[in-house]
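Make the full structure from the sequences, and use the hints.
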Amino acid sequence: MKYLKFLLIILPAALFFSCDSYSDEELNAFDAKIEKYLKRKNIECKKSASGLYYKILEEGEGDFIQFTDKVMVTYKGSFLSGETFDEQTEPIELKVSEQINAWKEIMLQLKKGSKAYMIAPPQLGYGGYEIEKVPPNSILVFELEVVDVM
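Using my numbering, the first residue of the sequence shown is number 282, and each one after it goes up by one.
Simulated from the structure, these hints should not be mistaken for lab results. You may find that some hints are simply not true.
What the hints assert, rightly or not - In silico lysine-lysine, DSS-like type, Cα no more than 27 Å apart, as pairs:
(1) Lys-320 x Lys-357
(2) Lys-357 x Lys-336
(3) Lys-317 x Lys-357
(4) Lys-336 x Lys-317
(5) Lys-336 x Lys-351
(6) Lys-320 x Lys-336
(7) Lys-396 x Lys-317
(8) Lys-351 x Lys-314
(9) Lys-351 x Lys-322
(10) Lys-357 x Lys-396
(11) Lys-351 x Lys-327
This is the structure in structure tokens:
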């Protein structure tokens, strides 16, 4: 019985994560698209070990956001084409732990009042899944502001 429970938990998780793995060639292609976009727009960003491109626009004040925190944020999400797929101009409450990997990663570097710009390759966004207006394997551009940390 314990073995069955183990399989019911581990197998779906393994399938979920294996469906979204990318080859080195694919990862390099995502990077090339992002770097071309940044060069064309004359934007300088840092690149994290995970592949997230980001720029902290305003540092904010207080303690850094924790993984278990809730935050009030405003944001704009778009594609490299400039087309907006989501925008929240009024603050919305989000749990950091429930966001896409790109958001989880950047949030840990932000504080109340921080503003950031980031470009998330598919492996840090929605991967190969289609989510509402976001096609599979999309590179996502976000501008966000942390209004409050709870």
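Hint numbers the structure violates, sorted upward?
8, 9
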